[in-house]
Amino acid sequence: MTAAPLVGTDPASAAGTPAGGRRGRRFDGPARTAAGFALGAALLFAVAPLTLSDFRLSLLAKYLCVAMVAVGIGIAWGRGGMLTLGQGVFFGLGGYAMAMHLKLADAGPGELPDFMQLYGQLDELPLWWRPFASPWIALPATVLLPMAVAFGLGSLVFRRRVRGAYFAILSQALAAAMVILLVGQQGTTGGTNGLTDIQGFFGYDLDDPVNQRMVYFIIAASLLALLALARQLIRSRYGELLVAVRDGEERVRFLGYDPAGVKLVGYVIAAGMAGLAGALFVPAVGIISPALIGIVPSIEFVIGVAVGGRATLLGPVLGAVAVAWARTALSERFPGTWTYLQGLLFVLVVAFLPGGLASLWALARQRRSDPAGARWWRRSRAADPAETRTEVSAA
Amino acid sequence: MTGPQLDGLCVRDLRVTFDGFTAVDGVDLDVPPGDIRFLIGPNGAGKTTLVDAVTGLVRATGSARFGDRELLGRDVHRIARLGIGRTFQTASVFEELTVVQNLDIAAGATRSWWTLARRRHRVPDEVAAALETIGLADRGDQLAGALAHGQKQWLEIGMLLVSDARLLLLDEPVAGMSHEERDATGALLETVSRDRTVVVIEHDMDFLRRFARSVTVLHAGKVLSEGTVAQVQADPRVQEVYLGVDTASEA
Amino acid sequence: MTVLFGQLFTGVSIGAVLLLIALGLALTFGQMNVINMAHGEFIMAGAYTTYVLQQTVTTAGWSLLVALPVAFAVAGAMGVLLEVLLIRRLYARPLDTLLVTWGVSLMLQQLARDVFGSPNVQTRAPALLTGNIALPGGLTVANNRLFILALALAAVLALTLALRLTPLGRRIRAVVQNRDLAAVSGIPTARVDRTTFFIGSGLAGVAGVALTLLGPIGPTMGTNLIIDAFLVVVVGGIGQLKGSVIVAFALGVLQATGEYLTTLSVAKVIVFVAIVAFLQWRPQGLFTLRTRSLA
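Residue numbers (this note's numbering), protein chains in the order written: chain A, 7 to 401; chain B, 6 to 256; chain C, 492 to 786.
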């Protein structure tokens, strides 16, 4: 350390010195972004529909919904340090809002959805179902309802500085409470079965493969839109602030910010993304049920994010799709083996590769561009927090 | 970068109690505008707790006014927005962000959500100016975590400058620094105090003698002595508290 | 009056189960700040231990008595194994510990399925614990609930005395309060951690034995209980046992009352809302050690 600070320099004369423009960095060109999105669009809109069977494509649609949840978790957890183990709640709120509307539309005006007739305790539609008959209420609700719940919980707990493990446990308890509530109100929620056997999607018959493709395209487009939104968020000043709050909440407070507000925004956005994913999951799969949104699926949403790389933009998406695909591929043939594998994957990645597979990618890239070796890699990997993150400090 | 107005800190009968233990016991303290005041005292004298109270981290009774604003009873971030900035004993910068990002965040507490939602396309003027002042102009793109210890302390001070803090409360800013770094830090404090009021908690007596404009000695939560460096050093009570050790030799 | 007492007793017995489970967490989470999601599977291990013992020791009463120490040892050993293999590397990353141990819990559940089969199994309760005790005024309390309450209180007492009076307890508290100072004072902190984890996990095993008296034993029996137990420790406050004790019973009574006035599912939501509301008032939990630390 030899360079002494240039004390005494008239600060005014230094104004405007181009001291730290981030422009021209290799990961950051607009061309690169455009190319990335074009590649993604080509894969999702051309390659996949042309090469996959209807069955495989509908599976992919399902995976992409999980990936949308993962994008939100990447923001809340990867960038904001809020380990949310209750994203299933928001996924479920979006899913149920959509499914309620579709069930009502299937039943026709003035009629009760089939399962209500089956249980036979109700003569008329419960009050809280009624707004969902209108698509103008139901569709916005798929996103706004989860955001409102996240806002309510988040503003209470973040303001009181409930964080780290406490927040994780609380978010998990929310998922548990939601599932028990849904199961308990069987007459109006379908109970354990959930809302099943959804036939139509705004006038389109979901049994028709052509319409299933349409749903797939909507999902693919939504995922790309969420990725664009997440990218903007991560690179905005807010995104930098969010990382600052993650790594030093108190420090941020002493700079005059209210960290509760900063975290709340990230959490609410993640909830909205999960809600949209849940809403689109319903026409793609035809069902929403407590088993899809409880504690276990909520943690499974996090697995994909951890495997892909929690603090990166694409890592959560690729991780979520890969894990969901592996589950389908393996659990059909070796159900027990898959559970071991899933557990082992989680243990190994989180314990020994906390940056996820994205950190391997970063490693490979650094090795290629600079042969100087691993030590340099370690420093330069740290030099771009937007690309990788290896440690999340908590509490 | 001239501040709009130079204010002083005025503390009256400040008390902080932790579960029955009184850490700060009725402190009166006047730091005039533009002063560089050093707070010294043995471990447990209540120096850091005093700063914690003024910045809202711990609850206190009494009064602490900066200019004409009462600070006690406000939230931490509200106090910060009134122009009170502090550093910590262990340098706490955002290690996974670059130097420029650190400073930009510090500069932006009053930004609108609209500004926050967009990208920063260049280095803001006040950030560039602070980079020069703290001598990190060539390290703007470096990760803060990769800085040397002394540089992190300067970055923290720089973050206070861009945040428009008009009262700087620095907790042991030169601990662990080399001689050259100490000199540079002292010179930085003198520059900064042209349009700001500075309070420094420090154990380094050599550093104190060179850069303090006034000194307050705390002992067991109370003000023991106050005055210029010479006055305080001559005070027999101070010598007694430091167990007869000549304060001059403790460096 | 009878109803009131009945609900109160139901609540207290729910609380006793919560307390038995939370007691181990109060050590591993409360004292060591480790979030062990596999704690639920240690409960399961304790329950299956009882089941296995009953195959050899066929007298239900004796097998239960033997199961208590054996389950403690089995679950404790599993805890130590987990601590040594994984958790020790993750002390600085509590959230990652949560995720890693959840992966472990998945594997343990599958292991249970492979060894004991997916369907639930039952143990026979000793005759002494199957009946009811009639109290004056037409009240009855179930013997097994009474036993669990006694077991929970005994566990609290034993743990409190152990922490207060034994050299080991003093070491554990020393490490909790100031790890670095304890280390330089010659306390082998790694060994203390391992012992703490052994006791905390062992208590989960004991809870598992108790649970065999209430219902069937299955691979996922721990999952649902564990979250409530974590909430008990969160609300009770870190670093002290008395908070967990009070909160366990309070949540139990609240749950029972809510269930009586509404339904089971609504009661769960009431409890959750009550917890969030409580944390508004005391975000650090009921009892906390006040410190000046920044975090």
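Hints are computed from structural coordinates only; laboratory data are not their basis.
Note that the structure is a prediction, hence the values are computed from the model and not measured.
Any given hint might turn out to be false.
As the list claims (entries may be wrong) - Derived, one-sided and incomplete: chain A residues facing chain C with beta-carbon distance under 8 Å:
#1 A48
#2 A182
#3 L239
#4 P360
Each residue gets a CB set at the ideal place from its N, CA and C atoms; glycine is no exception.
How the hints compare with the structure:
no.	hint	verdict
1	A48	violated, 34 Å
2	A182	holds, 5 Å
3	L239	violated, 22 Å
4	P360	holds, 6 Å
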